[in-house]
Amino acid sequence: MITTSSKLFYGLGAGSLVASIVWFIANDGGSIGSVALLFAAMSLVFLGAIASFTRDGHVLSTDTASHASSGAAQRGVRNSIWPLGTAIAMGFVVVGLISSPGIFKVGIGLLIAMLGEWMIQNWSERGSSDAAYNTKIRDYVVHPLELPVGGALLLAVIVLSFSRIMLSLSHSAGPLVFAVAGAVILAFGTLVGFRRSVSTRVIGAICGVALTALAGVGVATALDGERPELTKAAEEDHFAHRPCGEEEEEADENASQSVSAKSSVQATVILEGGMLYAEVDGFEGAQQSITLQRSNPSTILFINRDAEPHRMVVKYGKVVEDLGGGVERETELEACTSKVEQDGQQAVTLTVPKPSYASEEPFEITVPGVEGTKIDLVVP
Amino acid sequence: MAIIERPSAEIAVAGAAPSGVKPSEALGVFKRPAASTSWKDWLVTVDHKKLGIMYGVAAFFFFIVGGVEALLIRLQLAGPEGKILSADQYNQMFTMHATTMVFLFVMPMVSAFANYFVPLQIGARDVAFPRINAFGFWCWLFGGIFLNTSWFLGGAADGGWFMYAPNSSTLFSPSHGIDFWVLGLQITGIASLTGAINLIVTVLNMRAPGMKLMRMPIFTWMTLVVQFLLLFAMPVITVALFLLSFQRSFDATFFDVAAGADPLLWQHLCWIFGHPEVYILILPSFGIVSEIIPVFSKKPLFGYPIVAMSGAAIGFVGWGVWAHHMFASGLGPVSVAVFSMATMAIAVPTGVKIVNWIMTMWGGKLSFTVPMLFAIGLVVQFTIGGLSGVTHSVAPSDTQQTDTYYIVAHFHYVLFGGAIFGLFAGFYYWWPKIFRKQLSESLGKWNFWLMVIGMNMTFGPMHILGLQGQPRRMQVWTEARAGEGFFNIGFWNRIASLGSFILAVGVLLFIINIIYTHKSKKVAIAPLDPWDARSLEWMTANPPVEHNFDSIPTVNNLDEFFHRKYAEDPNTHEVRQVATAEEVLAELNAHPDEHIHMPSRSYWPILVSLSLPIICYGLIYNRLLMGVGAAFLLLTMFGWAMEPSTAPDDDFDPPAPGEGGGHTKELAPLG
Amino acid sequence: MNKSPRRRIMAAVGLMAGLVFLAGCAKDAPQDTWQPAGPNAEQIDNLQQPVFLVAGIVGIIVFLAVAFVVIRYRDRGQSIPEQTHGKPALEVTLTVIPVLILIGVAIPTAGTIFDLAKTDDTEMVINVTGQQWWWEYDYPSTGANAESYGVVDPIVTSGQLVIPENTKVLLRVTSRDVIHSYWIPKLNGKKDGVPGRVHLLRLEGSKPGIYAGQCTEFCGLSHAYMRMETVVLNRADFDAWVANQLKPYESPAEGTLAAEGESLFIQQCSRCHQVNGLTNADGAPIIAAPEQYMVSGAAPNLTHLMTRNTFAGAAWDLLTPECRDDVWNANTEEFGARYLAGVSAECLNQKDLREWLRNAPEKKPMYADPTKLQATDGKYRGMPALGLTEDQIDALVAYLLERK
Amino acid sequence: MADTALAHGADHGAPHTTTGLSNNKLGMWIFLGSECLLFGGLISTYMLYKGRVSAGPQPDQIYDIPFTSVSSFVLLMSSLTMVLAVSAAHRRDDRNTNLWLTVTALLGATFVGGQVYEFTAFYREGLGFTTSLFGSSFYTLTGFHGVHVTVGIIMLMALVGMVRRNRIPGSKAETVELIGLYWHFVDIVWIVIFTLVYLIPS
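Chains as they are written, first to last, in numbering that gives the first Met the number 0: chain A, 0 to 379; chain V, 0 to 670; chain Y, 0 to 403; chain S, 0 to 201.
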């Protein structure tokens with residue numbers, strides 16, 4: 000039904016929508032203004048819908064009979080937690096204003112939710128003299144929002160708390176705790192499933208306590224921080240630069256054997272019997288020189304036939320950056336695989352910015368630890 | 000008989016409301032929608048026939064959009080160094096022409112026919128999931144509109160409908176066009192997937208008694224095959240589109256060659272979807288033609304089981320030929336050889352169909368009505384398209400032809416000369432069933448001939464253009480390289496452009512025919528069975544009532560309706576009429592079923608699908624808007640989940656004797 | 000109504016026949032796929048001609064069948080026919096026939112596929128790299144290239160690929176940005192240049208001449224302007240061409256317009272365009288830095304621009320139409336000499352070259368508007384407008400004319 | 000979400016169908032068939048790209064197999080509890096139906112919590128969504144699976160609510176069974192992912 004006040008909202012909403020479109024066209028696709036106006040339109044339509052929904056708050060304006068029976072006059076007012084919720088939300092807002100914008104935003108969201116609930120409850124309590132009926136119509140209106148949002152929040156609390164706890168535990172304790180958590184849930188289910196005498200209330204209480212405990216521990220561990228290894232790993236970022244010398248590193252045992260799935264590489268470099276040679280599509284036989292195009296992302300596959308693990312290193316000159324004020328920084332350009340076990344293979348993709356004849360250092364492919372063998376890289 | 004479709008006004012909100020409060024008043028505006036004849040009913044309907052009509056109307060609108068795009072392309076190429084469109088606009092134009100014609104015209108037009116006629120042909124009262132059906136339609140429509148709003152928001156997608164990586168990444172296509180394209184296709188993809196599940200379940204599960212699989216009309220058969228193709232093809236393109244949108248929106252590296260990516264991944268995903276898609280477009284038209292040719296030959300379809308099974312075979316083998324789109328993409332010779340052979344293999348079941356259509360007409364009693372003309376047009380033109388297809392299943396030959404106008408000619412013969420001619424045959428054939436009036440035959444013939452001439456003039460010369468080396472997707476051609484002589488590349492380009500406008504006039508005549516038929520007082524209401532048809536959809540009122548059949552027919556034969564009208568002497572094979580269509584229908588309706596419950600209308604399908612474009616606009620412009628859309632989605636899905644598909648039993652009026660379902664006010668609880 | 004189906008069928012048959020006939024009519028289309036000029040294209044042609052023939056015959060049989068049915072069985076008031084559902088024997092026969100035809104097509108197809116993929120008889124290897132919207136060719140200085148053909152240093156060129164006559168050349172096709180496709184219809188089918196991958200394409204020309212082609216994989220804005228030509232020279236001419244490409248750089252004489260052009264080139268053009276041998280005032284070689292300005296990280300090498308007949312992705316000729324005809328229509332003996340003569344001042348296509356230098360993006364659609372390059376961090380795709388004055392253009396043209 | 004046209008006459012309590020399977024169940028099976036292809040596409044992408052690490056860690060440098068094994072086991076156990084829920088629903092035992100549905104949802108939530116932990120840990124160790132092809136395809140594949148589990152949990156929670164309020168249209172046992180089908184499917188997909196992604200060396 001289109002009520003008086005909803006007309007206003009709908010009208011404004013439609014106006015904003017038109018304005019949004021006009022803005023878009025006028026500003027040649029400029030988005031910010033029109034998105035803002037679109038928001039306004041949506042909010043206004045939403046308000047209009049609420050006004051329609053609640054019939055401007057006049058539940059029974061047309062029903063003279065129920066006015067006469069004064070059902071609506073005797074309000075079945077119930078206890079309400081919404082004023083309290085609103086107060087808490089306001090607290091959040093104030094705290095947020097002082098401390099952090101995050102809390103402020105949470106507060107604003109909470110405030111809107113609480114005021115909305117409060118409003119709907121007020122509306123429902125003017126529905127009739129029958130409290131049960133009023134609850135019913137309240138639920139009818141808010142459940143579609145309350146239940147999914149509540150469910151999503153519940154899920155988020157469990158998932159987030161649990162993952163925070165896991166993050167703070169040590170690497171070895173993690174799986175253990177995880178297993179214990181699963182087992183506890185299962186055991187709880189089995190227990191309750193077979194002992195039918197346990198009352199719903201008790202189960203609910205246990206679940207509530209468990210949930211609160213989980214959330215509490217989650218918050219505590221989140222504040223406490225993640226386990227030291229992780230913070231350290233994040234700081235050091237030890238995968239940012241792959242070592243290109245003879246250093247040992249772990250976990251190369253199965254170095255990317257799937258790379259062979261990649262067909263049509265620029266070249267395949269093979270280390271066999273202490274010699275390095277290349278196979279290049281289109282050229283017959285072993286090559287000691289590879290021609291790559293400048294600025295072209297090129298993939299080179301390395302296959303190690305040697306018993307020892309080795310890595311391939313490609314050196315392709317250096318870049319000089321002008322850092323301003325006459326200061327220059329030279330960076331050696333090199334790319335390398337990680338160490339590859341016997342018969343393992345791994346690819347590197349590199350882009351050579353400058354031609355090889357412009358460089359003083361030779362462009363070449365080598366294997367650290369295997370001397371006297373190399374492949375020349377020609378970049379015309 | 001009582002057809003009960005509407006809940007009564009007497010029921011309260013699950014329990015007694017206080018006296019004096021009518022629930023309908025207390026609950027605000029969100030009531031379950033009631034039956035009505037106003038435009039609002041079209042928004043909330045779950046009736047497969049109304050949804051079919053809406054699919055058809057909207058798809059035809061997009062046909063005109065795509066057609067205008069095509070005409071602009073031909074205008075640009077009518078002369079050397081065309082100046083009508085800039086390079087950028089041209090690229091958008093051919094991208095959107097293909098996208099519109101494939102995803103927004105042929106596929107939904109097929110959905111239109113399938114929605115309307117599959118339940119009728121198998122003797123069902125609706126599809127298996129009516130609300131999901133409505134949801135699918137709205138998803139498709141909103142997806143299509145969303146896709147086309149890109150024209151006004153900084154330009155449409157410009158990467159070609161195949162959208163090869165890495166040309167589709169933000170580096171090479173910085174406008175939002177491809178974002179709109181990706182997200183729009185995701186939304187319409189939901190429609191295809193839900194539609195596929197819905198129709199498969201309908202066909203498998205809701206057939207009338209005696210309607211064995213091998214008694215189903217071929218159109219239903221082809222629809223079933225196509226829905227299985229969709230079911231398995233849509234998730235593949237969904238994955239590809241997700242990868243692309245993650246790349247464009249969240250900087251994922253899937254197609255970033257500098258990080259080691261392989262651009263052929265996109266091509267494989269695209270064509271694993273794309274090739275079955277070709278059969279998705281053409282098989283329903285094969286189905287339509289297989290309905291029409293027997294009717295106007297007065298003979299059953301020749302080799303019915305072979306036609307049905309060859310459709311299924313095409314569906315299977317169609318999965319093994321995708322790489323024939325990639326013969327020049329650098330596959331190894333072994334793969335090329337294998338896919339080349341598989342492609343030749345698929346020509347066999349396709350050829351079988353053509354043979355069977357001709358054999359159906361052989362020895363028949365042929366009447367050349369407009370639907371029949373379009374059907375024969377399909378047979379001839381599809382043969383040309385099929386044979387040119389065989390020439391590029393020969394992979395070495397294809398390396399000369401691919402990405403030239405020869406391919407454009409080939410697939411327009413298949414898709415325009417085939418699929419669209421089939422759809423037009425369907426329009427003329429089923430128009431009287433849907434809209435009660437028969438389209439004018441004389442205007443229809445003009446329509447047909449202009450389309451035949453226009454189509455062959457447009458796409459015929461493209462064979463020559465392609466063989467003489469004119470590549471596709473060229474914004475301009477130049478006189479300098481058009482060759483010498485009068486019949487050079489320039490000449491054939493001009494002919495093709497001229498033909499395209501003749502074709503457009505042909506399509507325009509169809510629209511004029513519709514207007515004439517429905518505005519003119521001279522055109523009478525069509526008889527119940529104007530074509531002397533053979534299948535169940537004609538055994539209904541004109542147009543069909545909401546519940547389709549007053550009583551569900553029991554099926555004893557292929558071509559059940561024909562067999563109820565005619566009897567064949569077992570010895571002399573003489574066929575004579577034993578009943579008129581009216582008599583058959585009257586007999587069927589003599590003992591109507593009691594208590595037919597039709598699914599109730601619902602707001603939720605349109606509301607849920609409305610949230611999807613909001614989320615997508617949010618993804619492109621503002622993540623906050625995405626949140627709003629997601630909240631809206633959550634809310635509406637909750638509403639949907641809480642709403643029973645059919646208002647429960649005690650919501651219904653007791654049968655009103657003799658009234659047949661009065662116009663009662665309704666109410667069903669929302670929460 | 001009686002006549003119409005017959006007319007229609009006649010029209011269809013006539014059209015099909017006409018197609019075949021008229022396809023032969025348009026002679027001299029530069030990219031005609033039915034006029035092979037090398038063994039690879041010939042092999043494809045020998046395979047496809049019979050296939051076209053068979054397809055045509057099958058088509059005509061189908062049309063005749065339809066025509067017959069339509070005329071013979073139209074409704075003349077005959078009684079309703081027998082409701083027959085088919086004849087299994089006939090159906091099987093009509094299924095087996097196409098199967099047999101297709102097997103006949105499939106066997107030679109498979110043979111040709113593997114033949115065309117052979118690489119073990121290669122005599123010369125050339126790298127072909129596509130980018131928006133031109134092709135770069137580099138001749139590696141290894142193996143047979145160096146030993147038999149004198150390519151002792153890598154040669155980098157673009158626009159026109161030059162190959163020796165009757166030589167099995169293997170192209171290693173790749174791309175720097177999006178997917179392109181290399182296609183010289185008279186020499187072989189097409190092969191995509193896919194970034195990150197190397198695809199092999201055989202090319203062999205049996206007669207000296209210029210063979211046109213075009214990029215056939217949609218590659219963005221200027222796809223229509225991405226062309227290429229392959230020039231086949233006899234062995235002696237090819238050796239001369241190689242020697243010329245490896246010739247050291249000569250600066251223009253002091254005080255000439257070309258010398259002015261050289262300094263302008265160093266200021267304006269050498270950021271992206273390499274001219275081998277060009278040096279700074281202090282004698283240090285100038286290395287172009289297209290990787291800083293271009294998305295593809297490359298721009299055509301202009302060292303020997305005027306030995307080529309085309310520019311801007313082979314979209315325009317460097318020769319005036321008359322001079323171009325002289326080269327294109329030269330007979331086999333004279334062709335090499337005329338091609339090697341390069342572009343002289345009289346023959347230079349001043350109009351297109353000057354338009355290009357004046358405002359390249361206006362002539363060929365490119366992403367070169369500096370205000371619209373946020374998505375590429377300010378890098379261009381294609382040549383930007385340099386805002387040169389007419390005098391500067393004069394100087395540049397004079398300089399470029401000496402790049403032979 | 001169940002949706003049926005009662006199209007075959009008066010007997011709308013158990014609508015007659017041609018195959019004997021209910022429309023909803025047949026629909027769910029067909030939907031899961033389609034889902035197979037979705038995960039097939041994602042798994043193929045991962046298999047193609049898992050070795051392509053031009054920057055950041057390689058798979059076997061960060062995978063924590065013991066942890067993932069435990070979380071896989073937890074998810075497997077949830078299939079067991081789902082079976083118990085379905086069997087309780089067939090016995091028309093609302094209390095235990097709800098109980099086992101809740102336990103299934105909790106186990107699922109634990110799994111998702113584990114996945115959030117795993118993602119965070121990998122991110123800290125240097126594997127971002129945009130770091131390498133391995134990163135992009137790993138997060139996309141496992142993320143899609145995680146979203147499927149989450150959707151399943153939401154369906155389970157909604158189901159608990161609907162069972163409590165008797166809001167399920169049609170047969171309660173069948174609705175539980177339908178969600179169960181979905182849940183088992185998601186579990187099976189995880190077994191495939193766990194094997195192909197984690198166990199088989201890169």
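Don't read these hints as lab results, they were simulated from the structure. Take the hints with a grain of salt, since some may be wrong.
As the list claims (entries may be wrong) - Calculated lysine-lysine pairs in the DSSO-like style (CA-CA distance at most 27 Å, straight line):
| hint | chain 1 | residue 1 | chain 2 | residue 2 |
| --- | --- | --- | --- | --- |
| 1 | S | Lys24 | V | Lys211 |
| 2 | V | Lys364 | Y | Lys350 |
| 3 | A | Lys231 | A | Lys314 |
| 4 | Y | Lys206 | Y | Lys403 |
| 5 | A | Lys6 | V | Lys39 |
| 6 | A | Lys353 | Y | Lys86 |
| 7 | V | Lys82 | Y | Lys350 |
| 8 | A | Lys353 | Y | Lys403 |
| 9 | V | Lys82 | Y | Lys206 |
| 10 | Y | Lys206 | A | Lys317 |
| 11 | V | Lys520 | V | Lys49 |
| 12 | Y | Lys167 | Y | Lys206 |
| 13 | Y | Lys206 | Y | Lys117 |
| 14 | V | Lys211 | Y | Lys86 |
| 15 | A | Lys353 | Y | Lys350 |
Structure-based check of each hint:
no.: 1; hint: S:Lys24 <-> V:Lys211; result: holds (21 Å)
no.: 2; hint: V:Lys364 <-> Y:Lys350; result: violated (69 Å)
no.: 3; hint: A:Lys231 <-> A:Lys314; result: violated (31 Å)
no.: 4; hint: Y:Lys206 <-> Y:Lys403; result: holds (25 Å)
no.: 5; hint: A:Lys6 <-> V:Lys39; result: holds (19 Å)
no.: 6; hint: A:Lys353 <-> Y:Lys86; result: violated (73 Å)
no.: 7; hint: V:Lys82 <-> Y:Lys350; result: holds (20 Å)
no.: 8; hint: A:Lys353 <-> Y:Lys403; result: holds (24 Å)
no.: 9; hint: V:Lys82 <-> Y:Lys206; result: violated (38 Å)
no.: 10; hint: Y:Lys206 <-> A:Lys317; result: violated (46 Å)
no.: 11; hint: V:Lys520 <-> V:Lys49; result: holds (25 Å)
no.: 12; hint: Y:Lys167 <-> Y:Lys206; result: holds (13 Å)
no.: 13; hint: Y:Lys206 <-> Y:Lys117; result: holds (22 Å)
no.: 14; hint: V:Lys211 <-> Y:Lys86; result: holds (22 Å)
no.: 15; hint: A:Lys353 <-> Y:Lys350; result: violated (34 Å)
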